[in-house]
Every structure is written in C-alpha cells, then in structure tokens.
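Chemist: With the sequences and hints as input, model every part of the structure.
Listed in order, the protein sequences are those of chains A and B.
Converting from the first sequence to my numbering requires adding 97 to each position, the first position being numbered 1.
Converting from the second sequence to my numbering requires adding 1 to each position, the first position being numbered 1.
Keep in mind that the hints were calculated from the coordinates and are not lab data.
Which stretches of chain B does chain A cover? Using the computed rule of at least three CB atoms under 8 Å from a CB of chain A, they are: (1) 2-10; (2) 13-24; (3) 48-58; (4) 72-80.
Nothing here was measured: the structure is a model prediction, and the numbers come from that model.
Glycine is no exception: its CB is placed at the ideal position from the N, C-alpha and C atoms.
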Amino acid sequence: MKLCMQGAVFVQITSDPLDPAPLMRLVEGPDMGAVVTFSGNVRNQNRGREVQYLEYDAYRPMAEREMRAIGEETATRWPCRIALQHRVGRLELGEASVLVVAACAHRAEAFEACRFAIDTLKERVPIWKREVWQDGEVWIEGAADAPVSAGTDASR
Amino acid sequence: MQVRVELFGRLASQSGARELTLEMPVGATLRDVAAALAERFPVLTWVPSICRPVRNLEYVSWDTPVTADDEVSFIPPVSGGV
Numbered sequence: 098m099k100l101c102m103q104g105a106v107f108v109q110i111t112s113d114p115l116d117p118a119p120l121m122r123l124v125e126g127p128d129m130g131a132v133v134t135f136s137g138n139v140r141n142q143n144r145g146r147e148v149q150y151l152e153y154d155a156y157r158p159m160a161e162r163e164m165r166a167i168g169e170e171t172a173t174r175w176p177c178r179i180a181l182q183h184r185v186g187r188l189e190l191g192e193a194s195v196l197v198v199a200a201c202a203h204r205a206e207a208f209e210a211c212r213f214a215i216d217t218l219k220e221r222v223p224i225w226k227r228e229v230w231q232d233g234e235v236w237i238e239g240a241a242d243a244p245v246s247a248g249t250d251a252s253r
Numbered sequence: 002m003q004v005r006v007e008l009f010g011r012l013a014s015q016s017g018a019r020e021l022t023l024e025m026p027v028g029a030t031l032r033d034v035a036a037a038l039a040e041r042f043p044v045l046t047w048v049p050s051i052c053r054p055v056r057n058l059e060y061v062s063w064d065t066p067v068t069a070d071d072e073v074s075f076i077p078p079v080s081g082g083v
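Modeler: This is the structure in structure tokens:
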C-alpha cells in the first residue's frame, strides 16, 4: 500500500505488523539531516508478571484524530516531518506496537520531537492493552490494572 | 432523543457490548449518559470515577450536554508503559 503524508504528518492504526523502513522513507528528504525512530515493543515482563502476549484495542477514529493532532503540534514546535503508527489486535513478545519517526534538519530537534510525540501519544490517544499471562489477564489503564470481566478481582 | 455509545477496552469486555443506543431526555449531559449506561450494565458503575467523557471524538467535560445522534464514549486511563 502506498503511504501518503498529509502536510508534515502521517498517522495510521493497523492490525498488520509494523515496519519502520517505509515510514523513514516517507519522512526523510534532502533538507532533513536527522531521522529518529522510536519503536515500542512488547516486553516479556510487566509489574513482576510473565507476559504471554498483548491484545490492543483502540477507539480507532478518535485515536487517529488524536495522533494527527499530536503530529501537527510536534511539527509546529520542531520543524519536522513525522509519522506515527500504532498496531492493534494480538501482539506477540518482541513485536512492535507503536512507531514514531521524526525527521528534522538536525539531530537534537529530531530526538526532542520524537520523544514529545511518543510521550504525548501515551497520555491521550485512546488505545488500551490487555495483558495476558499464564493464569490471568488485566487491562492496563495507566498505572492501574483493571479486571477484564465483571466480578473478577484485580489489584486496583 | 437517541445517543450512540461506543465501548472499548474494559468497558467492552465487561459489558460484552461494543456499541449501543441509549434513549436520553433533551438536555441530558455526559454524566447522565454514564448513569444510563450503568443502569443498562450494572458492571459499569465505575465509569464516572475512572473515565474521561468523549463526545463526537473529542474530550469534553461531564457537564457537556448531548444532542440527538451524538456519538459518545468513556475513556479509561490510556495504555501504560514507561
């Protein structure tokens, strides 16, 4: 599929595996001396638990809208071209759940832009992960663990 | 008037629903919609104390009124990870 920027920003939510290379090609250019890529990957440990896999759920139209707003705010603060991509559905250990690729003239601003975008994405984009381990599961809601089905207990 | 409610994450898994339509009186606010949702699904009584209300894809306040055919959702704290 051909990826397309709108202005300085590309956003996408997909259930396909993520690949940073097409996003890097999308944002790079002769005026961009620095391209910083952040990849958030599924870790095998969380809060002392052995994670088996994660399942991501998103409020898709709102999440894409928020990701676009974050991209546009980032490109206003640091002149850059930026791509934000999030995966949904079941993800196995080590797979990438989110990519942020920021291209700027110089590396200092590229690192800052990338960091701002991923930190803000984690604060307000409506995407949740259900963490599944050998003998249980929880929704991760910020710092809290929340029960998946009604009537079950969680550590909240 | 009818308001469409979209459910995600814990709201969807606990209620078993991903969307529903609620009949609300004119002048109802997001707080009233959350109360009507908890009436339909008593497992969702925690929603007003944990979630942020959303109307037509934008974060709003609990006092925001809804109008006919609005799309409403309630957003628990989003994904963790440091």
